[in-house]
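Asker: Now for the letters of each chain:
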Amino acid sequence: MNILIKIIYAIISVIVAIVWGLTLGGIVRKIYARVHGRYGPPIWQPFLDIIKSHGKRVSISHGIMFYLGPVFRFGGGLGTYLFIPVIYGSTVFANFSMAGDLLLVMYFIFFGQLGMALGAGEGGHPYSPLGIARGLSQMSTFELPFSLAVIAVAIQYNSLNITTIVAAQQGGILNWTLFTNPFAVIAAMISLLGMNMHSPFSLVLAPQEIPIGPPIEMNGSFLATLQTNRGLFGAAKLVLFMNLFFGGATNLPIMMIKTFLIYLVSVIIGASFPRFRPEQSFRFFLKWPTIIGIISIIFISYF
Amino acid sequence: MVNPIYIIILSLATGFLLSIIDKAGRKLSLTVFYSVLTFNVFVVADWLYRFTVLGVSTLTINTAGFKAPLSINLQLGIYESFVLLFANLVGLLSAIYLIKKFKESNISSLILYLILIMGVNGLVMTRDLFNIFVFLEILSISTYALTILTKNQKSLSAGFKYMIAGGVASTFFLLGVVFVYYFSGNLNLEFIDPNSLTNYGVIAIFLLAIAVFIELKPFPANGWALDVYESVDSGITSVIAVVNSAGIIFVFYKIMPLLPQNLLNIFGIAGVVTFFFSNLMGLKQQNAKRLLGYSSIGQMGLLVSALIFTMNSPNKLIYVIVGGFFINHLIAKAGLFWITGIVKKEKINDWGILKENKFLLILFGLLLFSLSGLPPFPGFWAKWEFIKLLVHGKMFFVVGVILLSSLFEVIYLFRWFTATVKNDSEIEEKIPFQFAKYFSTTVIVGISLIISVLMMRFVYNFQTIHYLPIIAVIIIYLLDFIPSKIKAILSLGAVGAYGYYIYPLENNLQLFFGIIFIVGSAINLIATFNRKKLSKGFYGFLLMMIFSFGNLLVAKTYLEFFLAWEFMTISSFILIMRGKRAQKASLLYMIFSTAGAYLLIVGFALAPSLVSNSALMVSIAKIQLPILSTILLAIGFMIKSGSLGVHIWLPEAHAEAESDVSPFISAILLKAGVLGLLMIGISYVNNTPTFNMFYWIGWIGVLTAIVGAFLASFQEDAKRLLAYSSMSQVGYIVASIAILSHLGWISALYLSFNHMMFKSALFIAIAGIYYRTHTRKMYEMGGLIKKMPLTYITVLIGIIAISGVPPLSGFGAKWLIYSSFIEKGWYLQAGVLFFSSAVSFLYLYRLIHTIFLGQLKYEHQNIKEAPIWFIIPQYIFIIGIMAISMFPNLIIQPLNSIVGHYFNSTIAIDGYNITSSLGNWNGNMVMLVTMGVFIVPLALLMLFNRKVQTVKQFNIVYAAERPESPQTTHVAHNMYAHFRKALGGWGKPRIWEFWHDSAEWAHTFGDFFRRIYTGNGQTYILHIILYIVVIYFIMGV
Amino acid sequence: MIFTLILGFVLLLIGIYGMLSQRNLIKIIIGFSIADTGIHIIIVSIGYLRNRTAPILNSAVDISKAVQQVVDPIPSALVLTAIVIGLAVTALMLSFVVELYKKRKSLSIDDYQELKW
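Protein chains in written order, with this note's numbering: chain A, 1 to 303; chain B, 10001 to 11037; chain C, 20001 to 20117.
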């Protein structure tokens, strides 16, 4: 295939994902506001935020790593997204998924997180490493149930290839992993709560404790880059979950509906519960979801 | 050719004449005295030469013109002359050592000394039982009298206890002699037929034997000996420990044919019991001479049991085992007792005075190494063969006890050694130079070395390559006066030449490890160019270690492999010990390594013999190791690779070693354990036994990975953090080996190679930082990115490579590992590995953040980039990492073919795309995409970001004020406090506590048992009487 | 002969009992001497043959029948040597006691146990 066409497809795919991701973010902000009894910002508020941040006349930098932090973050979001086949059967949205399998995606998620952590670290603000320490610790704990769920899926489909996994779920709702391997999906969905960092797991950005944590020193275009990535990366995670557990999508509207519904789980729980203390959160992930994850492996390999 | 009876005649005659000669001046009497002693040595040496080289048959000397049994006859054969040579030699050297005393003391001391030597000669040569009694008494009485050569209350009371104990023993001996005569009608050993004896006759023999055995100081009837060792002048102590013991053990050897088999077995066990308890009790001992006393009685016990258990073995084995233990004990003990007399410090903690005297320190070290049974000293070979013999005889319990006791011995000897070398108290006084004392000690060490070389050359036919590690040490030691840079260049050349020399290796697995060991070492060696002064002794041991790595690969037999393994242990121990506060670290390392080595001895002893003439790594594929052997070998190798449970040496050793040594230990030394484990695996997959041991090894590896990652996250010390990280990474490697599949082994080898590169780079980076900041505590640093950007880049790439974040090579490892685990069906293990890989982000971020990011400390404002010698090797490794990241085929292809020898390939390689049964990975494409997704946002950001203003430190707003102190702003100390809190009771260092408690218990037991030595002479007699009674009842005639 | 043999053993046991029960250094040595003497008596007794003469070839013995007429000479020879050696040991022990007494002014063995463990 012509590499140029491939790149053009990728650009289209990325833009769609960013737009959808940001819109989702707007919708969610609206939902939260209504739950709180506020009117809330317009749905396109995330776009306005990005434009505003880019419009700043001056941006403050603390050094090269600080400068590169948002780049790593956005690069991580881009890469994660680009290694996932978004829509089953679509060439435009196949991205670069032939470069690797599920493991690649799981590890590429860390690329942005690590880079961002380094950039934030150079900012020198104590809240940044505090937030990062919380974030890394929490990440390591929810990664355990998530990886168990992924292993269960790999056992189930005898593959780590995302396209293969999606293909195996085609042909009816009962073929979804959700129904064929429910424990894995429960474990993974609980992990997703941690990944999305909504309450009760909003340790990293915890506005009342360590005001927005790692990105505290980010400003201007740096912040805008991070905000853009928030849309893309959010979409990428949801797409990944959709592919693994909810039968994937064969066209764009299905993808949008499914990702919205998956996101809604986090939102509902986030709107209902207050925040955990860090150690409560860590313990939580190491207990119930981990046990469910182990059950899912036992379930899938023996039943 | 002098008739050996003249030894006795001349000594006796001179003894009587000396008091007259002395009237003409002490000079003359001393001349005569030393001439006689020298004469004795030469006569015996001459005979030994005749017996061994010329093949003269055993000499029998009849006295009084009659033949035996009518007269007393003497016999001098190969054994007699061998024992006598060493006894006389040590006698002579000890006399030289004592020359100052002899000049000042009464002439009777000289006479007594001469009589003592005469007594030993007679004791060894005579074949008549009553004559043995007479010589024994001559020996004893002269020894009793000599105990008070330095007269003080301690030596007097010890001498008195010695005398009554000896008196009781000889009373029983005499009783035995008389009744043996009564029942057999004969006193000559040749003419007593043990088979014709009645039950009463056996009792007579028993009395005879037990009396001699008591003189050999069995536990617990040996309190008197300890007191003597502690209090008597060092020169005499070494005579008692060596000359007397040699004579008495030979008497025991002579009467052995008379003893019934069950009594011999009891004695053999009693020897082992003595060895065990004396070493256990030695653990608690602080007094240097008494410590040597404990070691001495222990070694005698071992020697007795060796003598008994080798009875029916071929001659060559007896030579190596009994001769080896004999010489080893003799030489080491004589030398060490002499050194105690030179140093003149009672408490072993006061021996720091020795560290200023390098020459003496080296002698001390060599003697301790020899006593601990390390190569190339005779004790090493003896232990190897002895354990092998016992294992083949299925005496596993005895093997266990002997090895455990040896371990105790190693613990207290090396505690002493490390406490001496690493003593940090300020020492004003110097050890006075006394030529005679130094001379004797030097000669004995020289003899020990010569014997070692002779044994290697003639008994085992070793080639030059096997000596090479030692030769390297010696050559570099001789060149120690030249600046360290030149030595570094020479060493680099030597490593290159060595690599070239071993290069055509038999298979590619060897080549692969050769690259890790030799090429990796060579690059790491560049970092040592930064050493400023002479760095005496450093390069010798470094080369020794590197050559030993190589020798592991080319070793053809178990023994060659084990020899290289032990050389590796010795050299790495010494390198670790060079660290400033490395006493505890090096001691722990030595203890665990020794324990591992003992397991290897037994494991190899159990292994079937090799048939082919290939390297062990190759030929092991053809044999099937028994289960027990596999387990022992695996534990032994896993100790070296720092697996969970036996890992506690690892952080200490890595952290406390000098900063340019740590990369060798972490990046390369640990791989020796991996190599060993892989070797077992090779044998295992070719001949799969029923018991699936590797399943459990796999779990251990997995748990090592997760525990190591957690421990690393909670460290404040950068090197300890990296050390635990190594532990964790090697856990992955061990687990992947345990999978025993094609993909698993590729993962293991891939990760080994990768780990070698990134851990070397990281440790060298930390070395550079330590060189500039003089601290390893990460919270004392911060913000160094602006001062040391090159080092920062190394650490950045290093941590990305460890973490497994694409596109760097680490991801390849993760991909391979998870694929292989899931493919194998080890799902839960894979889950734990995922978890540990996520936890590893904690420590990796901590490492880079607390050192390089955050707030710069004021004291580091003017710090410079690390020296160029640290930068060069780092970047070589970085280039390596980048190369295999970009082009993974560079390594995956060869590994595919290497592992293809052992398993059918399960992966398909198409261009840069690697497909397993589960998924695929295209490293090259990932790299390109990553570059793309990095460059695009960067370009966008630069486009949108119109005016970037870089601000200075502290230009942040924190809690509504501008912070001013980096200490209060830099988040570093106890960074993951919340995680530790979340772990609760799981965060306790239980394994450390386990080992700590075990050590406490061992010491408590030792302390408990040594209370039987009340110091009361009467109690000692009671012990002896009870001992005799108890042994009699056990024998049950 | 049996009687002397038993006597010898009794002395040996008395001597050992003395060595173990007496605290005084001199008495311990006396115990040792008694035990030693017991041994000597044992040696002599086993060489003794009833109704025979001393093993000295003089007019009292017919040289051709000497072997039947004299007692076994070897134990006699042994005992002489043993006595000499016993004497030497005893003397040496006593001299140690003298020196010890000079240093510490005590003859109790309990006062000489600073070397232990």
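Simulated from the structure, these hints should not be mistaken for lab results. Glycine included, every Cβ here is placed at the ideal spot set by N, Cα and C. Just so you know, not all the hints are guaranteed correct.
Each computed DSBU-like pair below joins lysine-lysine, with the alpha-carbon atoms no more than 35 Å apart [stated by the list, open to error]:
{"no.": "1", "chain 1": "B", "residue 1": "LYS10344", "chain 2": "C", "residue 2": "LYS20105"}
{"no.": "2", "chain 1": "B", "residue 1": "LYS10786", "chain 2": "B", "residue 2": "LYS10981"}
{"no.": "3", "chain 1": "C", "residue 1": "LYS20116", "chain 2": "B", "residue 2": "LYS10358"}
{"no.": "4", "chain 1": "B", "residue 1": "LYS10100", "chain 2": "C", "residue 2": "LYS20103"}
{"no.": "5", "chain 1": "C", "residue 1": "LYS20065", "chain 2": "B", "residue 2": "LYS10344"}
In silico negatives: residues of chain B with every beta carbon more than 12 Å from chain A [as the list claims (entries may be wrong)]:
{"no.": "6", "residue": "LEU10017"}
{"no.": "7", "residue": "ARG10050"}
{"no.": "8", "residue": "SER10313"}
{"no.": "9", "residue": "LEU10317"}
{"no.": "10", "residue": "ASN10687"}
{"no.": "11", "residue": "PRO10894"}
{"no.": "12", "residue": "ALA11002"}
Restraint-style ranges between C-beta atoms, simulated for each label pair [as the list claims (entries may be wrong)]:
{"no.": "13", "chain 1": "A", "residue 1": "ILE257", "chain 2": "B", "residue 2": "PHE10887", "range": "40 to 50 Å"}
{"no.": "14", "chain 1": "B", "residue 1": "LYS10023", "chain 2": "C", "residue 2": "ILE20083", "range": "26 to 36 Å"}
{"no.": "15", "chain 1": "B", "residue 1": "TYR10503", "chain 2": "A", "residue 2": "PRO182", "range": "50 to 60 Å"}
{"no.": "16", "chain 1": "B", "residue 1": "SER10071", "chain 2": "C", "residue 2": "LYS20065", "range": "17 to 27 Å"}
{"no.": "17", "chain 1": "B", "residue 1": "LEU10012", "chain 2": "C", "residue 2": "SER20064", "range": "50 to 60 Å"}
{"no.": "18", "chain 1": "C", "residue 1": "LEU20007", "chain 2": "B", "residue 2": "SER10196", "range": "23 to 33 Å"}
{"no.": "19", "chain 1": "B", "residue 1": "TRP10986", "chain 2": "A", "residue 2": "GLN170", "range": "23 to 33 Å"}
Asker: For every hint, state whether the structure bears it out.
Answerer: Going through the hints against the structure:
Our distance criterion of 35 Å between C-alpha atoms is met by B:LYS10344 and C:LYS20105, whose separation comes to about 28 Å. Of the pairs offered as hints, the one joining B:LYS10786 and B:LYS10981 holds, with about 34 Å between alpha carbons and a cut-off of 35 Å not exceeded. As the CA atoms of C:LYS20116 and B:LYS10358 are separated by approximately 33 Å, the hinted pair is consistent with the 35 Å bound. Using a Cα cut-off of 35 Å, the hinted pair B:LYS10100 and C:LYS20103 holds, with the two alpha carbons roughly 25 Å apart.
A C-alpha spacing of about 67 Å is found between C:LYS20065 and B:LYS10344, which places the hinted pair above 35 Å, so the restraint is violated. Chain A leaves B:LEU10017 outside its interface by the beta-carbon criterion, the shortest separation being 87 Å against a cut-off of 12 Å. Listed as a non-interface residue, B:ARG10050 keeps its Cβ farther than 12 Å from every Cβ of chain A; the least gap is roughly 75 Å. With 12 Å as the threshold on Cβ separation, the claim that B:SER10313 sits away from chain A holds: the shortest Cβ distance comes to roughly 55 Å.
Residue-level check passed: B:LEU10317 sits 54 Å from the nearest beta carbon of chain A, beyond 12 Å. The beta carbon of B:ASN10687 is kept farther than 12 Å from every beta carbon of chain A, the shortest such distance being approximately 29 Å. Non-interface call for B:PRO10894 relative to chain A: holds, since the shortest CB-CB distance, roughly 22 Å, exceeds 12 Å. Every CB of chain A is more than 12 Å from the CB of B:ALA11002 (nearest about 37 Å), matching its label as outside the interface.
Distance hint check for A:ILE257 and B:PHE10887: the Cβ-Cβ separation is about 43 Å, which falls inside the suggested range of 40 to 50 Å. Distance hint for B:LYS10023 and C:ILE20083: a CB-CB separation of about 32 Å, consistent with the stated range 26 to 36 Å. One distance hint, 50 to 60 Å for the beta-carbon pair B:TYR10503 and A:PRO182, holds here, with the actual separation near 59 Å. For B:SER10071 and C:LYS20065, the Cβ-Cβ distance of about 24 Å falls inside the hinted range of 17 to 27 Å, so the restraint holds.
Take B:LEU10012 and C:SER20064: their Cβ atoms lie about 38 Å apart, and the range 50 to 60 Å is violated. With their beta carbons about 29 Å apart, C:LEU20007 and B:SER10196 fall inside the hinted range of 23 to 33 Å. Our hint of 23 to 33 Å for B:TRP10986 and A:GLN170 is violated, since their Cβ atoms are close to 43 Å apart.
When each numbered hint is compared with the structure, violations occur for hints 5, 17 and 19.
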